[in-house]
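Participant: Here's the letter readout for the chains.
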Amino acid sequence: MKLKKGIPVIDQGDRLGFWGGKFGGNFVPETLKKPIEDLEILFNKLKKDRNFINERDKYFKNWVGSPTRFIKLENLTEYVGGAQIWSKVVSDANGGAHKIYNATVHCLLAKRSGKKVICGDTGAGYAGKMLSMAAKKFGLKCKIFMGAKDIQRQQPNVRAMKKNGAEVIPVYSGSQTLVDAVSECMRYWVANCDKVAMCVGSTVGPAVFVRICGWSTSQISRELKTQLVNEFGSVPKKLKLYNCVGGGSSSFGFWNEFMDYDKKQCEFIGVEAGGPAKSKKHAAPLTYGSKIGILHGAAQYVNQNTDGQIEETESISAGLDYPGISPLHCFLKDTKRARYTAASDEEALRAYKLVTKFEKLRPSLEPSHAFSVAIAEAKRFSEDTIVVVNSCGDAYKDRAIIERRLGKKYV
Amino acid sequence: MSNPISYAFKKAKSEKRPALLTYTVAGDDSKKQSLEILKSISKKVDILEIGVPHNTPVADGSQIQTSSYRAIKNGIKVNDIFKIVKDFKKFDKYKPVILMGYYNMIFQYGENEFLKKCQISGVNGLIVVDLPWPENKKFASKCKKKSIFFIQLLSPTTTKNRLKKIIKNSHEMIYFISMLSTTGGKLKVSSKEILSNYDKIKKINPKKNVVIGFGITEKTIKSLKKADGLVVGSAICREITNSIKKRQNPVTNVYNVVNRLKNKIK
Chain A
1 MKLKKGIPVI
11 DQGDRLGFWG
21 GKFGGNFVPE
31 TLKKPIEDLE
41 ILFNKLKKDR
51 NFINERDKYF
61 KNWVGSPTRF
71 IKLENLTEYV
81 GGAQIWSKVV
91 SDANGGAHKI
101 YNATVHCLLA
111 KRSGKKVICG
121 DTGAGYAGKM
131 LSMAAKKFGL
141 KCKIFMGAKD
151 IQRQQPNVRA
161 MKKNGAEVIP
171 VYSGSQTLVD
181 AVSECMRYWV
191 ANCDKVAMCV
201 GSTVGPAVFV
211 RICGWSTSQI
221 SRELKTQLVN
231 EFGSVPKKLK
241 LYNCVGGGSS
251 SFGFWNEFMD
261 YDKKQCEFIG
271 VEAGGPAKSK
281 KHAAPLTYGS
291 KIGILHGAAQ
301 YVNQNTDGQI
311 EETESISAGL
321 DYPGISPLHC
331 FLKDTKRARY
341 TAASDEEALR
351 AYKLVTKFEK
361 LRPSLEPSHA
371 FSVAIAEAKR
381 FSEDTIVVVN
391 SCGDAYKDRA
401 IIERRLGKKY
411 V
Chain B
1001 MSNPISYAFK
1011 KAKSEKRPAL
1021 LTYTVAGDDS
1031 KKQSLEILKS
1041 ISKKVDILEI
1051 GVPHNTPVAD
1061 GSQIQTSSYR
1071 AIKNGIKVND
1081 IFKIVKDFKK
1091 FDKYKPVILM
1101 GYYNMIFQYG
1111 ENEFLKKCQI
1121 SGVNGLIVVD
1131 LPWPENKKFA
1141 SKCKKKSIFF
1151 IQLLSPTTTK
1161 NRLKKIIKNS
1171 HEMIYFISML
1181 STTGGKLKVS
1191 SKEILSNYDK
1201 IKKINPKKNV
1211 VIGFGITEKT
1221 IKSLKKADGL
1231 VVGSAICREI
1241 TNSIKKRQNP
1251 VTNVYNVVNR
1261 LKNKIK
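Listed in order, the protein sequences are those of chains A and B.
Letter by letter, the first sequence follows residues 1 to 411 in my numbering.
Letter by letter, the second sequence follows residues 1001 to 1266 in my numbering.
Check before you lean on any hint, since a few could be wrong.
[What the hints assert, rightly or not] List of simulated lysine-lysine pairs, DSSO-like, C-alpha gap at most 30 Å: (1) A:281 - B:1044; (2) A:34 - B:1202; (3) B:1160 - A:149; (4) B:1044 - B:1032.
These aren't lab readings, by the way, just hints derived from the structure by calculation.
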């Protein structure tokens, strides 16, 4: 299995949509074959269309707010000692997280296809919140599927979705989290694909959704590359990019522009959710060696039992609480381009405490996982090593959890 | 030896009626009970579809989801399903049995091993909801080698060009999804429209046995009588759920539903 140079990773899948011959694909009911093919044709055409790209860039710049900041975390660097720790503050983006890129592009595509309604899934509520914002902006009706457990633990985002006029549909089946929300959303699309567009909230799902999402979030690394060159004169000789990985949309977007660099120069580190320290459950299929299986239309490493039933996950972070992982990351893992590890709930909370103590930055629980590993490893690196952590979400949505776990003063 | 599925269609045709196909989830609500249900409805049904429950079913509505979750919770495993089929075949050797499920279950078992077990236990056909054409080409031909029908699905969204290709690649039986819906949805299109789509499929190759499924209940079954076969699933799963709720015997209740369905298409 080999990663090709000079070809975007999203376009390295084969005719049937498999990366490396075995990740991804389209394991979908017959009913969805046609709408997926239509979306593929539309996306393949538009991603080469200068007008469409200009339109996307216009909205990214003026509405999403680009570029998001690239800042040095001086105090944290001093405290940790070792590498320079920087952050790409993607939570600056309109709405407070990277999910806005994919949501915007999906709404632009829906408009082009003449659809009036868009449906989407959400875990932490960011994908749903951003989709509701973008839908409102582009005059589309919006339906968001969200696990009942997540609705309870991510109330601020639920309120935001409703305020934007979206219908939030609670999903009570299974573990009542993201995995069930995605299933329910796909079911809704099966029944309404003639009138409704679907947005999958991460780089997961049938191949075309993986590609669209990866294409959208790549804005992050485009910005970062320019910012690195502005700051250091060129892409640093020792660059390490840390990102949390749930479905894998922010990390893929954070790395994409640096894909062709040697990994000795630009190393990618993906941090999965290890779950509570004392629990056997986790959301880290790459770290803990889960087997390949099929989930939500794509072959991927996924937490499952020997029979093939998808296993329940557990993580403090709703956004990472997913048993599977993007086929793109499976591909990056097996080609050894990226390295994956996990942080536990407790480690993420400790990192959150440290970052907020030293810096004016409030990463949500998802990027706190990435901070945890970055801080632990930065100690060992030389001063000319540039560690960049994608702070891809804002902690506002996690207030209730943080208050409960760490006390009021950390909120 | 010809596949008993073909014989079932022949027999129904000779009686000038569509074949009746039922769908029940293996292990719903227990291994024993689901076998009892199969035995009791066997004489009224032409082909038995047995669901392999999966916990992330992307094409099933709430009735079949409920049945599946119930069966999984009660401990059903793939090997138990083969056992149910085997035990059932001891009771009614010639009744065709089709397993219906999601690809991950087969993938984890191993395609070859799964088919071997199908053959040993007496499975006659397979429907894999999320393994569409052309992705299913290889697996379908493996099925054929084992004399197991791989049943292709067609939907109202299937384009004409695709219809032709799939039908050409299909074995003797084809499953037509009546409308855009998950299983158990209310029939939202007229039977006339469904049958007109059905005719288009039959026209491409009249020899294939085409069954219609999704949205078929006691109320709607009669209007689709013209088809080669009709599948009822969610209505039966619902009956099991209701029986459990009312503390009644699901075996008798399901038999009664199936009996009424059969009378409507006689």
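Participant: With reference to the structure, classify each hint as holding or not holding.
Facilitator: Evaluated hints:
For the given pair, residue 281 of chain A sits about 46 Å from residue 1044 of chain B by alpha-carbon distance, which is inconsistent with the 30 Å threshold. The hinted pair formed by residue 34 of chain A and residue 1202 of chain B meets the criterion: a straight-line CA distance of about 21 Å does not exceed 30 Å. Distance hint between residue 1160 of chain B and residue 149 of chain A is unfulfilled; the C-alpha atoms sit about 43 Å from each other, more than 30 Å. Taking the CA atoms of residue 1044 of chain B and residue 1032 of chain B, the gap is about 20 Å. The hint holds against a cut of 30 Å.
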